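Please model the entire structure based on the sequences and the hints provided.
Given next are the chains, with one letter for each unit.
There are 2 protein chains.
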Amino acid sequence: MLTVKRESKVSLTQQVYEQIRSGILKQKFTEGEKLPSTRELAASLGISRNVCLEAFDRLITEGYLDVRPRSGTYVAKGITFQREEERSHPVFPARVSNLSKDVIDFRAANPAMDHFPRKIWGRLLKEVCIDTPEEAFAYSGSEGVRKLREVLSQYLLKIRGVHCHADQIIITAGATQALYMISRVLTHHNDRFIAVEDPVTDEMRRIFSIAGAKVHPVPADEEGIIPESLPLHIKPSFLFTIPSHQFPLGGTLSIQRRVKLIEYSRKMDTYIVEDDYDSEFTYEGVPVHSIQGLNPERVLYVGTFSKILSPALRIGYVVLPPYLVNRFRELKWYTDRHTSSLEQHVLARFIEEGFLDRHVRRMKKIYQKRREALTASLREHFPSAKILGQSSGMHLVVEFPGVVFCEKVKELLHEAGVLVYPVEDYALNKGAHQQKVVLGYGSLTEKKIKEGVNRLSEALQRIKEAPS
Amino acid sequence: MLTVKRESKVSLTQQVYEQIRSGILKQKFTEGEKLPSTRELAASLGISRNVCLEAFDRLITEGYLDVRPRSGTYVAKGITFQREEERSHPVFPARVSNLSKDVIDFRAANPAMDHFPRKIWGRLLKEVCIDTPEEAFAYSGSEGVRKLREVLSQYLLKIRGVHCHADQIIITAGATQALYMISRVLTHHNDRFIAVEDPVTDEMRRIFSIAGAKVHPVPADEEGIIPESLPLHIKPSFLFTIPSHQFPLGGTLSIQRRVKLIEYSRKMDTYIVEDDYDSEFTYEGVPVHSIQGLNPERVLYVGTFSKILSPALRIGYVVLPPYLVNRFRELKWYTDRHTSSLEQHVLARFIEEGFLDRHVRRMKKIYQKRREALTASLREHFPSAKILGQSSGMHLVVEFPGVVFCEKVKELLHEAGVLVYPVEDYALNKGAHQQKVVLGYGSLTEKKIKEGVNRLSEALQRIKEAPS
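Protein chains in written order, with the numbering used here: chain A, 1 to 468; chain B, 1001 to 1468.
Derived by calculation from the structure, the hints in this document are not laboratory data. No experiment lies behind these values; they were computed from the predicted model shown. No residue lacks a Cβ here, since even glycine has one placed at the ideal position from N, Cα and C. Careful: at least some of the hints might be erroneous.
Pairs of lysine to any residue, SDA-like flavour, derived with a Cα cap of 25 Å [stated by the list, open to error]:
| hint | chain 1 | residue 1 | chain 2 | residue 2 |
| --- | --- | --- | --- | --- |
| 1 | B | Lys1009 | A | Gln154 |
| 2 | A | Lys77 | B | Pro1133 |
| 3 | A | Lys77 | B | Glu1297 |
| 4 | A | Lys365 | B | Pro1133 |
| 5 | A | Lys26 | B | Leu1157 |
Computed far set for chain A versus chain B, every beta-carbon distance over 10 Å [claimed, not checked]:
| hint | residue |
| --- | --- |
| 6 | Arg49 |
| 7 | Gln368 |
| 8 | Lys369 |
| 9 | Ala376 |
FRET-style restraints, in silico, Cβ to Cβ [stated by the list, open to error]:
| hint | chain 1 | residue 1 | chain 2 | residue 2 | range |
| --- | --- | --- | --- | --- | --- |
| 10 | A | Lys5 | B | Glu1134 | 40 to 48 Å |
| 11 | A | Glu353 | B | Val1404 | 53 to 61 Å |
| 12 | A | Glu7 | B | Val1404 | 55 to 63 Å |
So this is what it looks like as structure tokens:
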């Protein structure tokens, strides 16, 4: 009936236990069936009786076996059931694309991973892990590590003109979670409508819609969102903008438009959600101060360390008007308690000890060189192309007169080993951006950038020459 | 008009820029007003003209100033607006309670933080940070780090009898996020009702309700959820249970009840959500296998490293039937992209290199001693009290005949320097558990435990003797 393998890594007790258990579950032993005594079983298997006693004890405790005094041990009632058939397994599509190594991908997502400050970060991680007080290993408040929020409030004042107390900050899992939470808190069952600049990434739209919000597009031009196009007939729960370096168009919102957004939010009694994407890497002039600093009472300011450090850290934040803080703390507590603590402590030290400033200066030089490699290549190959939104960040937009980036063209480019991102794909209202593509250069070396533009040029040439 | 401080840390350019900018915003300079030339301004402030040119350039770029050729520099239009009055600031209630140091808190939340394996974890953190491939610093898939999911699927099979492929696992920010996501995915607008064992923590209920689910209580007794009490008139989106060590009652669900839950879920065509809370620390016998292993097609298995390592890590997971994986990956991607990567890599090594097994064995001994200190003290001071659910985990339940733990009694105990947690507070249907309290001992030393029971005994004595 049972067998044991002495040479197995699994203990004899475990082997006996597992065989009886699975025998019961698979109905080899049926309800009410009497088992041999532990003495008989031990003898038949040639093992110690103690092994059998231990296995039986466990099966009795778990309810698989019943002992009837002066009679024996029986399979308990109420255990047997038919195995359920497996439903068909779908194939899991991998999110990480399985591009062949040779494709040059101008996707604007990851920063230069090869320049992450591994040594300093690793040293700080170890230090924090060893010397931080015991509380750091317990639950923290949902708002995140106090020290980081204090350091951050000073940093944001200095760098971005953001006015806030540390208590107005909630540390989030990147900007994504901040935007998801904002949508959950500010939209309500009967009032789910938000004003979003158009074009905007599909991912942003999905964050809003998964949180239950309905997106009303507000056109943006090369300078950013157009305040005159904001809806007046209906009050949005909030208005979403990326003023520092609009994605995808790359514009920087002027002070006049910022003031108009504030006036709009006051008139409609609503909020501005300011995603300060890419504000740190400004190559021409200095970054424009945040909208938050102009009117802290109406602006929810969202930032992240995904671009200036690494998206793998999942550390972002939202700066809130004080009267909204408790609702966000509550939502955060019941969705994931708080963001992982150790790396928050590390980040606080990283900022406080001046490493972040140094890192940003270093990265700015690297991105500037990559940007120059890209613009130089583009000017060489495409003298008539118009380059937009290159003054900051890690992406720019190119308008190629006469080229429409339809699916067919994208496919041909992919075949030629280069991936570009048409602005039209990001547009909610179609038709205004057909000749523009986004080129992200943050994670590409200068060599790759040049090669990528080469491929783009050759492929577009072939497409033009092909009989249509 | 303007002033500069040479000894300030702020650069002269920044000082000039800030004063003109804030002057415009505060309407000290009005729309259309002509500014002195950079030459005049430099002379009046006694600074270099280049400083003024730089500050003006920046103000022009940002749109604060307009240059009219052959005329001069003017305050631009459309900037001035009234400051908005601040709304009243509410007081932020701190989530971390400000207990006086002397109160002994039998709250069952944190594990023994003083035994976190700081040295090994710190060393692995540094190693991973330095030697892991570059991709570890980019976005990962929303399901989490592949290596950790592979290691985890083997670990869960060995320790908990969970049958799954690594692709069925989603790494989450603790069990909280797993449960939040489950509620979001499995409940729908017109079908928001879930069956939850009662009593259950308030926090659990809030996770479900914030995610939009409506809780239907199913009574649990000292052995766990009672299958006969499951609702038949209405189909729940899922049924929630903590079978290994029910919280708060402490029971372990028998195999018979597990089978009945499975039969119920098949009959009603619904899911079982198995929160395998506290399964690792079993002091009497060995842990009962998971429900998931009995029927992987219907069970969503939730676990966390909060209790066996540290809640500050925020690493948990959900094991899904294959056909649900894509919906969870999508929700995770649009709520926070993925869980922070570095510590996932560390955890994978920690498990693979045998440190977790060793840590669990060590902690089991520590908790066992704490448990024994608690049960011994309780038996000494309260010979008639009944101790329940002590066979595993980091909490147990005590029933004190004749004592009703109302608010007044809780207050008097707090004054006496000891905090206990009445089971009645966790009950949705009130009345069945008035004489029971939960005592968590995971984060208390043996000395504190003894002192805590002393205080409890003295205080309850005084309460009994007091004229009511």
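Structure-based check of all given hints:
At most 25 Å may separate the alpha-carbon atoms for a hinted pair to count; Lys1009 (chain B) and Gln154 (chain A) meet this at roughly 15 Å. Restraint check for Lys77 (chain A) and Pro1133 (chain B): not satisfied, since their Cα atoms lie roughly 54 Å apart, outside the 25 Å limit. For a cut-off of 25 Å, the pair hint linking Lys77 (chain A) to Glu1297 (chain B) stands: about 24 Å separates their Cα positions. Annotation: proposed proximity of Lys365 (chain A) to Pro1133 (chain B) holds, straight-line Cα distance about 24 Å (limit 25 Å).
The suggested pairing of Lys26 (chain A) with Leu1157 (chain B) holds, with an alpha-carbon distance near 18 Å, which does not exceed 25 Å. In this structure Arg49 (chain A) is separated from chain B by more than 10 Å, as the shortest Cβ-Cβ distance comes to about 19 Å. Distance check on Gln368 (chain A): its Cβ is at least 18 Å (rounded) from any Cβ of chain B, clearing the 10 Å threshold; non-interface status holds. Every Cβ of chain B is farther than 10 Å from the Cβ of Lys369 (chain A); the closest lies at roughly 19 Å, confirming the non-interface assignment.
Here Ala376 (chain A) stays apart from chain B, with its beta-carbon at least about 23 Å from theirs, past the 10 Å limit. Taking 40 to 48 Å as the suggested C-beta distance range, the pair Lys5 (chain A) and Glu1134 (chain B) conforms, at roughly 44 Å. The hint said 53 to 61 Å for the Cβ distance between Glu353 (chain A) and Val1404 (chain B), and at roughly 55 Å that hint holds. Checked against the given bound of 55 to 63 Å, the beta carbons of Glu7 (chain A) and Val1404 (chain B), roughly 60 Å apart, stay inside it.
Hint compliance for this structure: hint 2 is the single one not met.
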